[in-house]
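There are 2 protein chains.
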Amino acid sequence: MIKQLSIIGVGLIGGSLALALKQAGYCERVVGIGRNAARLQAAERAGVIDSGTTDYAAGLAAADMILVAVPLNAYVEAFENIKGKFKADAVITDVGSAKACVIDDAMKVFGKFPANFVPGHPIAGTEKSGFEAAFPELFRKRRVVLTPIVRQGLTITSAGAIEAVTAMWRVAGAVVENTDAEHHDRVLAATSHLPHILAFSLVDSLARENNVEEIFRFAAGGFRDFTRIAASDPAVWRDICLRNREALLQALEHYGKDLQELRNAIAHGDQGTLMEIFTRAKTARDKFSFS
Amino acid sequence: MIKQLSIIGVGLIGGSLALALKQAGYCERVVGIGRNAARLQAAERAGVIDSGTTDYAAGLAAADMILVAVPLNAYVEAFENIKGKFKADAVITDVGSAKACVIDDAMKVFGKFPANFVPGHPIAGTEKSGFEAAFPELFRKRRVVLTPIVRQGLTITSAGAIEAVTAMWRVAGAVVENTDAEHHDRVLAATSHLPHILAFSLVDSLARENNVEEIFRFAAGGFRDFTRIAASDPAVWRDICLRNREALLQALEHYGKDLQELRNAIAHGDQGTLMEIFTRAKTARDKFSFS
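So the protein sequences, as listed, match chains A and B. Start counting the first sequence at 312; every next residue gets the next number (the numbering used here). Start counting the second sequence at 312; every next residue gets the next number (the numbering used here).
Heads up, none of these hints are tricks.
Copies of the same chain are indistinguishable here, so a pair counts whether it falls within one copy or spans any two.
Simulated crosslink set (EDC-like; lysine to aspartate or glutamate; CA at most 20 Å straight-line):
#1 Lys568 x Glu520
#2 Lys452 x Glu524
#3 Lys439 x Asp536
#4 Lys568 x Glu587
#5 Lys452 x Glu525
#6 Lys314 x Glu339
#7 Lys314 x Glu474
#8 Lys598 x Glu524
#9 Lys598 x Asp544
#10 Lys598 x Glu520
#11 Lys439 x Glu587
#12 Lys439 x Asp597
#13 Lys598 x Glu525
#14 Lys394 x Asp375
Treat the hints as calculated values from the structure; they're not laboratory data.
Take these sequences, add in the hints, and give me the full structure.
Structure below.
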């Protein structure tokens, strides 16, 4: 049970978690903290949070769980805003799409890695953003990856904090898994950040054509699905690109080589290689149902 | 009204059109023609066609509408199989995803372009294939592009044939539009063929990694939608790559340049360019609802 969950940044993710925990009766009180009082009032009126405040000290004093849910470029500011204002036994977690940069920011602001901070990433979302898009089922059967700090075989992150965060996400319906931050960042670069880059780039490329209206008119369901992620929040994705830069550039380079191989097979009319690539892709895609 | 529709190649597209026309009472009899008698019998048992035959002369003799719905590499064979076996006033159309190559094949086999042949492309489909996946609503509100032959301002394709094919697709619920084959091929290369190539390549690239199971486990809804088209029929897409090769390679080269620009913005931490690209893409993607 959580007595008070304080959310820094009440958007799609934080809002959906708040709704899920309240619906399950797992959290007595949800307090939203942010810079925009009007947005917090709207979230309160919408029933996503119980109350909102722009005063970090007031919003954090009674919190036993603190969720940082701000864009990746706003972590340093968020950590500075919460520093010294929470209870010694409060558990802190976050929902950032890249984890090594979050750990770096925490070390920078707190001096060392806080043992009660459990970096986390719920692999869930839609192309929509804002608390208006929040719904309590968002995390159901989705995976949440936690990246507690392990140094020389010793877990620095407190076991109790990991347990508390794991329990919270399970209540929201998620499947929780632990891994290290660098590994998380490499895998997510390939499965999430790279596809977003490819889709953004394709839609932008077409949007710059003279006959853009016709192009989109001729587009079918495959294009619609392929490009859905290109409607995602530009600022969120700018931050992800910059904060997971190395892993993303590596994924892009790796992909570029494979795409070049496919391009050459097309250019040379190499039927065998085309069938090999397409069949291997179809087999892999059919095998994973993404329940 | 169509008395007899003969379909060469009863799969998702041909089967769905048959079901739509029968449901609307627009077609008295649908005959399937192909090489595989067992598959034709199964399509008949499933109620997708009224009868099936491997004998082209028998299947075509009474047809007033002939639909060629075979993979792009099988057109020459299909045209040779139907040549001289249909009524002089029968209308022929097709559903190939590239159109210039189909026109080339027709000229090759028939000596000149048959005036009663209306090249067509229903921009509809799913990642599934085979008549088992057919359903009568597939074309509802979808676009069908016809590419009748125009030379020096004169339409070579018969006006009556264009009318008959247009009427047929409208009965199936489609919106029919005319353009020229080369233009069709360029636009479809960008909106359909290129996205398929990108998705096939990404899934194949990940499928070749050692930790493929983990990679797919960490994949979210965005990845699922982005890669849905990678489950498409490999042979169909091999043929499309080879038969619309020039337009596809041009689209790929154009895209490669834009993707390189985005890559450089990431590498150089160029926040302004990232916001510009992502915002332009989101605006374009939000604007078109793909109803």
